[in-house]
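Residue numbers (the numbering used here), protein chains in the order written: chain A, 51 to 427; chain B, 51 to 427; chain C, 51 to 427; chain D, 51 to 427.
By construction, these hints were calculated from the structure, which means they are not laboratory data.
Just to be clear, a hint being listed does not mean it is correct.
For identical chains, the list gives no copy identity; a pair is met inside one copy or between any two copies.
[To be verified] Here are the simulated DSSO-like pairs of lysine-lysine, each with C-alpha atoms no more than 30 Å apart in a straight line:
{"hint": "1", "residue 1": "K413", "residue 2": "K53"}
{"hint": "2", "residue 1": "K206", "residue 2": "K413"}
{"hint": "3", "residue 1": "K121", "residue 2": "K144"}
{"hint": "4", "residue 1": "K55", "residue 2": "K175"}
{"hint": "5", "residue 1": "K413", "residue 2": "K178"}
{"hint": "6", "residue 1": "K388", "residue 2": "K413"}
{"hint": "7", "residue 1": "K206", "residue 2": "K53"}
{"hint": "8", "residue 1": "K206", "residue 2": "K178"}
{"hint": "9", "residue 1": "K121", "residue 2": "K206"}
{"hint": "10", "residue 1": "K206", "residue 2": "K55"}
{"hint": "11", "residue 1": "K53", "residue 2": "K388"}
4 protein chains.
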Amino acid sequence: MTKLKWGMIGGGEGSQIGPAHRLGAQADGLFEFTAGALDHRADVGKEYAQRLGIASDRAYGSWQEMLEGEKNRDDRIDLVTVATPNATHFEITKAFLEAGFNVLCEKPMTMSVEEGEDIVRVAEKTSKICAVNYCYSAYPMVRQARAMVQAGEIGKVRLVVTNFSHGHHGDAGDADNPRVRWRYDPSMAGVSGQFADCGIHAMHMASFICNDEVETLSADFASTISSRELEDDAMVNFRMTGGTVGRLWTSSVAIGRQHGFEIQAFGETGGLRWHAEQPNQLIYTPVGGRTQIIEKGEGGLHDDAVRLSRVAIAHPEGFPLAVANIYCDLASAIGGAKRPELPSAADGVRSMAAVHTAVASAKADGEWMDARPPMFR
Amino acid sequence: MTKLKWGMIGGGEGSQIGPAHRLGAQADGLFEFTAGALDHRADVGKEYAQRLGIASDRAYGSWQEMLEGEKNRDDRIDLVTVATPNATHFEITKAFLEAGFNVLCEKPMTMSVEEGEDIVRVAEKTSKICAVNYCYSAYPMVRQARAMVQAGEIGKVRLVVTNFSHGHHGDAGDADNPRVRWRYDPSMAGVSGQFADCGIHAMHMASFICNDEVETLSADFASTISSRELEDDAMVNFRMTGGTVGRLWTSSVAIGRQHGFEIQAFGETGGLRWHAEQPNQLIYTPVGGRTQIIEKGEGGLHDDAVRLSRVAIAHPEGFPLAVANIYCDLASAIGGAKRPELPSAADGVRSMAAVHTAVASAKADGEWMDARPPMFR
Amino acid sequence: MTKLKWGMIGGGEGSQIGPAHRLGAQADGLFEFTAGALDHRADVGKEYAQRLGIASDRAYGSWQEMLEGEKNRDDRIDLVTVATPNATHFEITKAFLEAGFNVLCEKPMTMSVEEGEDIVRVAEKTSKICAVNYCYSAYPMVRQARAMVQAGEIGKVRLVVTNFSHGHHGDAGDADNPRVRWRYDPSMAGVSGQFADCGIHAMHMASFICNDEVETLSADFASTISSRELEDDAMVNFRMTGGTVGRLWTSSVAIGRQHGFEIQAFGETGGLRWHAEQPNQLIYTPVGGRTQIIEKGEGGLHDDAVRLSRVAIAHPEGFPLAVANIYCDLASAIGGAKRPELPSAADGVRSMAAVHTAVASAKADGEWMDARPPMFR
Amino acid sequence: MTKLKWGMIGGGEGSQIGPAHRLGAQADGLFEFTAGALDHRADVGKEYAQRLGIASDRAYGSWQEMLEGEKNRDDRIDLVTVATPNATHFEITKAFLEAGFNVLCEKPMTMSVEEGEDIVRVAEKTSKICAVNYCYSAYPMVRQARAMVQAGEIGKVRLVVTNFSHGHHGDAGDADNPRVRWRYDPSMAGVSGQFADCGIHAMHMASFICNDEVETLSADFASTISSRELEDDAMVNFRMTGGTVGRLWTSSVAIGRQHGFEIQAFGETGGLRWHAEQPNQLIYTPVGGRTQIIEKGEGGLHDDAVRLSRVAIAHPEGFPLAVANIYCDLASAIGGAKRPELPSAADGVRSMAAVHTAVASAKADGEWMDARPPMFR
C-alpha cells in the first residue's frame, strides 16, 4: 500500500485547522504529507513545512508557487487541502482543479453562488474530485442515520430539526477580540455571520441525512450583541424538494452550550436523534415503540458506518477521526471508488445559495424564497 | 388550619385531567373537595362525585346547577376549577367570576381574544382570582429560573429558545383515533392544533421566565400528516417588549420525544436550561465559566423555589406536585397574599392573542404581526 | 368511596418525614387524617394536630394516649403510621398491632433482630398489616422491573449491583452538626451508620426486584471522617438464596452525588437499570440487543406499574408519590386485596439481620456470614 | 522535526489492537512505522508489513528476527510496541529492553509478579523506557483529574470508587466462542479472567488519579456463567498507602453496559467523576457547592490536560487519541523530557501483584492481604 501524496495550503503554525487536517490525513496511514504552502508569509510557511517533515523543494512560499511546482512534477500530489482564509477558497480551489488536482476545500467553498457554480462546472469538466469539508457528515453514526433513512427505516421523513448553537461568542466584553470580531464584520466574513459559520454545517447535515435538498426557506436573523453588524443568532425554516419540513436554529450567544450541534429526523415510522457531543450513539425510536440506543460498533450496522469505525463498540471516536473519515473517503475516491457520501462541490454551492437566500429573506422580514442555486433549479 | 372548599367542573371518571386536579388540590391538605359537576351526563357526574366523597347536595348535574347551588350557600366553595372541553371554558369561567367565585381555568382560557379580554375585565371588576393552569410555571426550578432572571443573575435576556415537542401523534394509522383526531379538526379544536395545545405552554414559559411579554411574532405551520387540517408542527419566532429574541418550536410528530418541553434563556452574563422530563435540575452557565447543576432543595435558592418544594434535595418532585403548587399559590392568594407568579387571566388572553396571530402569520407566509391582545397594546 | 381513617405518631412540625406521609396518605384521597400524636411534647403535638385539621379529641399528647383513645372508639383509625425516632419504632408498632391496628412503620422497623422477629410473630398472630416504608419499591418503574424479572424477561438473575450513595455528610466541618452527628453515634444510631440509614433501602430493593432473599454477606466498613465511630461508607458483597451474586455500596461522603440510589440487575437474557433521580425510566437491554428506554406510562407495562401511575407518559412522578403508592397499596390491602409487593415486617426483620451481620462481618475483616434472621433460616 | 522510528510486534491483520497502535503512533506525525513482526506466521506478517508501507528488509518474520535485524542497524527503531498474546509479553519486552530499545508493552506486562519485578530491574539497569499501555490514563480529562488531586483541589482523597464493567460476555450461548472463551480458561488467560482483563485498568486509574498505591485488598470473585473456570465478575475492596479507601467492581456480564469504565474520587473538599464513554467531561463538585462540568479545552485547565488535547472545546476526542497521547508522551520521554504520568514498568508489576493477590484473597473468602509487589514493600 503506497501512501497517497498530500499537500496543504494554509493551516500554518498556531492555527486550529492545520493540525486537524494533518491528523485527519495521516491518522490511518493513507496519505503522506508531501507538500505545503502553509502561511501567507513565505518564509514562515516554508520553515514550518520543513519542520513538519516536508522536503525543502516542496515547502512553498505561496499557493501560486506550489501550483507551479507541483503541476510539473511526475510525482505530483494526489490531493490538496485548501485551508486558507474564506475569501481565498474560490480562487485557489479553481486553480488547482483546472491544473488537474483533486481538492478538499474547507467550508465555505466560495463567497458567492456564482463562484460556487463556477467550481461545480470546473470540477465536472476536469473530472477531478472537489470535496468540501463538511466533516460532521463523516461520523459513523451520521452515516448510519443516512443509510437508515435511505433504507426506509423511518419511512418518508416528514420533519427535520437541527441546531448548531454555542455560547462562545456570548461575552460582549470579548466582542472586540479579533478572533471573534471578524466573524460579524461583513468586510471580512461576507454577508452572514453565524449562519455562514455554523448554520451551513447543520443545513448540509439535514440534506445529507434526508438525502434531499433544500428548496425554499424563510429566515429570521438577530444581532443580539448590538455592536455586531452580522447576525449572531438565526432561525431558518425550510422545505425540501421531497416535501420535508425543516427547522434550523444556530447561535453563538447560547451561553452554556458548548458544541451544540444536533439533528433530529422524524419520519412516518420512526425518529432519529444525533448530537455532536455524544457522536457514537444514534438514538432511534420506532413509531409506537421504545427508544433504542444504537451504538457505533454494534452488530448489524449499515456498511458505511462499519467502514468508518476503527475501534470496538462504545470506545468513543471523536471529531479528529471524523475528519480522518473524510480523508478515508477521499483516498477511496481517488482510487476510483464511488463515494456519493463525500460532500461535493454541489454541496458547497448549495450552502452558498442557502446563505445568500437566508440573508435576503431575513432582510425581507422572513419572506419565503427559492434557496437553490440557479444551476439546480 | 381550616381547609378551603373546592369544587370542580368537568374532570369526570376516566379523564386524565380530573385526577391531576384532585391530587393537586388535596396533596398538601389545603383544599377539601366539596362540590362538583363532573360530567356532562348529569346522573353519571352526580354518582361519580358522591363516590369521590362529595355530599349528595353538592354533587351537581351541570355547571349551571352548581352555580345556582353554590352561590346561595353561606359555606360556598372558595375555588372552582374549570376542566371542561375547551370551547366551554369562557362561558363557565365568566359566570362563576361574576357570581363572585375564584376560578382556576384549564388552558386555553377562551377560544377567542375577545372572550379573553372579557374575562380579564370581569376578573378585575369582581376582584376575584382568575388563574389559568400553566402548571409548568409552578415547578420549583422554573420559579428559581424566573427569580434568577429578575435578580439580574444572567443579565438582560438576549434570547429565549423553547420547544414543546412530542411524538405521540406521529402514527398516521392512529390519526383517526378520536382522542387524537379532534385536536386537528377546526370544528372541535378551533383555529390551531399543536400550537394551541402545547405551544402556548412554551410561550407562557418564555414570558414567565423572562418576566416580559411577546410583542410581535412570525409563524410557520405544517400539517405533516396530510389528512390534518390544523398544524401538527409549528415554529414561531418572536420578539418581546424588552427586545428579547424568541424561538419556539412545537410538534406532535417528533417520534422519540416523550415530554419534550424545554426552555433555554441566554442573557448577557449567563445561560439557563430547564427540561420538563428532569424538572428538579436547573442548568446554569455563567458567561466564560463552567456549567453548574442547580438542584431543587439545595441551599441558597430563591424564596419561591424553596416555598414550593416539599422533600429534601434531589428527591424528585414531579408533574402532579407542580399542579399542587398552583393550588398552593391559590390558597395563599385566596388568603390575601400577593402571588404575582400565579398565571392569570392576562396570561390567558395573551396566549389567545398569540394563537390567533400565529395562525394569521402562518397563513400570510410568515409575516411579522403584533401578537398582543388589543387591550394591552 | 368513604375515606379510610388514618393516624400518625411522630412527624411533628419541622420534620421532613411528617409532610411526606401526610402528602402520601392524602394525595389520592384514600385516607383522612383523623388522629395524631405528633410530638413528644404533648402540648406542642396536640396544638399542631389541630392546626392540621384533626379534631381536638383525637389530637393526642402521646402515643400511649392515642392507643388508649383510639382502641375504644367504634370509628377507630384504620391505619397508624409510626414516624418517631428509630429506637421507639419497636415498642409502638408492637403495641398498636396487639391492639388490632394496621401499622405502617418507618424504617428501621426495630433496632435488633429479636425485636424484628417479635413484630413478625405479632403481626401473624393478629392478622394485622404491618408494613415498613421501603417507599422506593413503590415507584412504578421499580414495580415494572420486579414484574419483568418475575416474568422471566431477563432470565435468571446472575448479578445484582446496587448503590445508595450521597455526599451530604461529606463536610468534616459540619460533622458536629447535630442533624448529622447522631447518625454516626452508636448511642443514638445503634450499631450501624450509613448502612443502616441508606444501605438497607438498597438491600431491600435488591431482594424486591430479584424476588429473592440475601443469604450470606461479607462487609467492609469505613469511617472516612475519623471522628465518626460508625461507618460513613460501606461495601457489602452478598449471595442470594437462588445463587444471585450481589454487590452493594453505600456512602454519605460521596461529594457530588445527590440522591445516588441506583440498581442494576443482570440476568441470563437481559439487564435492567434504574436510578432514583430519574425514576420514570427503566433502562432495559436484551442480551445481544440494543438498550431500550422503558417509560412510565407507555403501553404494555406490567399491571403493578400501570396501577401506580397517575399521569400520562413521561410526565414525571416523583418521590412523594412513591410514598403515596405505599398508601395506595395499604388502602388496597386494608380492603382485603393481596399486595405481596407491600414491604412487610418480614422485610423489616431481614434488614435488621443484614445490618447486624454486616457489622459483625466488617469487624471480622470481611468474613462471610449467614445474613438471615434465625426465624427464616 | 524528524519523525521517530517505530516498530511493532504483533497487531497483525484483523486484530483490534494493531490499528489502534498504528493510529496512535502516527496520528500526530511523531512516529514513522519503520519495522514490524506482525504475525506469528512469518510469511503472513512480512507480507502485511509491506502492504502497510514497511520496507522489505524491516518486515520481519518473528520478533527474534526483528531483534537481530534492528539491534545491528545504525538507524534502529526508537521504540517498539509489544502487542502479542499476553503470555509472550515478558520475554519480548525483556529481550528488547536488554538490547537497548525503548518499549511500549500492552497490558498485562507479564503473567507473574516475579517476571514483572524482573522487567522493572532490567528497565532500571538499561535506563530504557518501559511503558505499559494503560491508555485511559492519557485522556486529557483524566490528566486533569490527577492534576487537581495533586494540587489539593479536592483535599486528601478519602474514597475512590471505580468500575469497569460491560456485558459483552454475557451471552452463555456465546461462551464457547473462541474469542470469548480463552479469557476464562486458565491455560490461556492465567490466574484471572475479568479482573486481569479490565479490572487492572480500573485499579491503575485509581492509583493514577490519587497518586498513591494499593497497599492491601480483599476480593470477591464469581463465575456467573458456570462453565467458566475464571471469574467473570469481581469486587475488590482496597486500602491505599495514604489511607484512601477503594472500591472496584468489574464485570463482563453486565448486559447493557457497553464501555462502563468509570472512576469517582471523593476528597475532603470535593468530588470528581469521569466516565470513559463521555471522556471529554470531568464532573467536579466542591463540598457544599454545585456540581460543575469541566470541559476538555476550556480555559484554565492543568498543563497536562492542555498539552494532550488537539481540537477546540467540546469537540470530542476519543479512545484512539488517548492511545495517541501515550505515544506523545513516549516521543517526549524519548526526547529526554520527564513524563512521570507515563504508565511504567512499576505500574505493570503493581497490577500483576494486585491480580495475584486478588485471586488469593478470593480463594481465602475475602481475607485482606498485602497487594504490593515484594520489591515495593
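- [ ] Against the earlier hints, flag every one the structure doesn't satisfy and list their numbers going up.
- [x] 1, 5, 6, 7, 8, 9 and 10
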